[in-house]
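Residue numbers (the UniProt record's numbering): 1 to 205.
Quick caveat, the hints were computed from the structure, so don't treat them as lab data. Hints are supplied without guarantee of correctness; some may be wrong.
[Stated by the list, open to error] Derived Cβ-Cβ restraints for the label pairs, each shown as a range:
hint : residue 1 : residue 2 : range
1    : Arg34     : Pro112    : 33 to 41 Å
2    : Ala198    : Gly19     : 37 to 45 Å
3    : Pro68     : Gly145    : 33 to 41 Å
4    : Arg196    : Glu37     : 31 to 39 Å
5    : Ala92     : Ala51     : 19 to 27 Å
6    : Ser129    : Asp166    : 18 to 26 Å
7    : Leu18     : Gln55     : 19 to 27 Å
8    : Asp184    : Met63     : 32 to 40 Å
The beta-carbon is built from N, C-alpha and C at its ideal position, and this holds for glycine as well.
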Amino acid sequence: MSCIAVIDFETTGGSPALGDRATEVAIVILEDGRPVERFQSLMNAGRPIPAFISQLTGITNAMIAAAPPAGQVMREAARFVGELPMAAHNAAFDRRFWQAELALAGLAAPHPFICTVMLSRRLYPDAPSHRLGDLASYHRLPSTGQAHRALADAEMAAHLLGRMQDDLKHAGLGPGSEGRCDHDWLMRVQALPKQRVAQMLAGTR
Numbered sequence: 001m002s003c004i005a006v007i008d009f010e011t012t013g014g015s016p017a018l019g020d021r022a023t024e025v026a027i028v029i030l031e032d033g034r035p036v037e038r039f040q041s042l043m044n045a046g047r048p049i050p051a052f053i054s055q056l057t058g059i060t061n062a063m064i065a066a067a068p069p070a071g072q073v074m075r076e077a078a079r080f081v082g083e084l085p086m087a088a089h090n091a092a093f094d095r096r097f098w099q100a101e102l103a104l105a106g107l108a109a110p111h112p113f114i115c116t117v118m119l120s121r122r123l124y125p126d127a128p129s130h131r132l133g134d135l136a137s138y139h140r141l142p143s144t145g146q147a148h149r150a151l152a153d154a155e156m157a158a159h160l161l162g163r164m165q166d167d168l169k170h171a172g173l174g175p176g177s178e179g180r181c182d183h184d185w186l187m188r189v190q191a192l193p194k195q196r197v198a199q200m201l202a203g204t205r
């Protein structure tokens, strides 16, 4: 069994280093390429949401005022993830908020991340773009709900990651006799130059 925790945050802005905080978090557990468990919560970090972000996400300051404290939500999220490795679409963004919010809650964040943007650029160079919604349409992935809400985006990223694992398995590029494309293997794939991955895939056709 190979499990990966796929995460998505909605936030007040782009950088915790500039004082931005999370407003919503969602995590989908992917087991052998299939979503099996889900965690989602709004969270109140005491930061107002700019109007343009509320327009984008539909998350309002009134919703956040009624949400549980950020520290409580992050402790629950950390228990849900446990020691699983993690993934996100544009992982640099979500990893920063995961680490920052856990640090504020007094918790460590040792989890390694894979990035479905980096993987998609290597596996699907002909895709029209590598935005999450565009990749979902390109691969005809299941509809997961309103974009720019954490659970819908985490679910969509999980489906995309599962598709990537299946494509690598079918290409015979997974390690071992079972061709399992686990987190460690995907970390190695995303670290390879794009041209090297293209050559590997071309060799299986």
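Tested hints:
1. Arg34 with Pro112: 33 to 41 Å: 21 Å, violated
2. Ala198 with Gly19: 37 to 45 Å: 41 Å, holds
3. Pro68 with Gly145: 33 to 41 Å: This hint is violated: roughly 22 Å between Cβ atoms.
4. Arg196 with Glu37: 31 to 39 Å: Holds - the Cβ-Cβ distance for Arg196 and Glu37, about 34 Å, lies within 31 to 39 Å.
5. Ala92 with Ala51: 19 to 27 Å: 26 Å, holds
6. Ser129 with Asp166: 18 to 26 Å: 21 Å, holds
7. Leu18 with Gln55: 19 to 27 Å: Taking Cβ atoms as reference, Leu18 and Gln55 lie about 20 Å apart, which means the hint holds.
8. Asp184 with Met63: 32 to 40 Å: 38 Å, holds
The structure does not agree with the numbered hints 1 and 3 stated previously, though it agrees with the rest.
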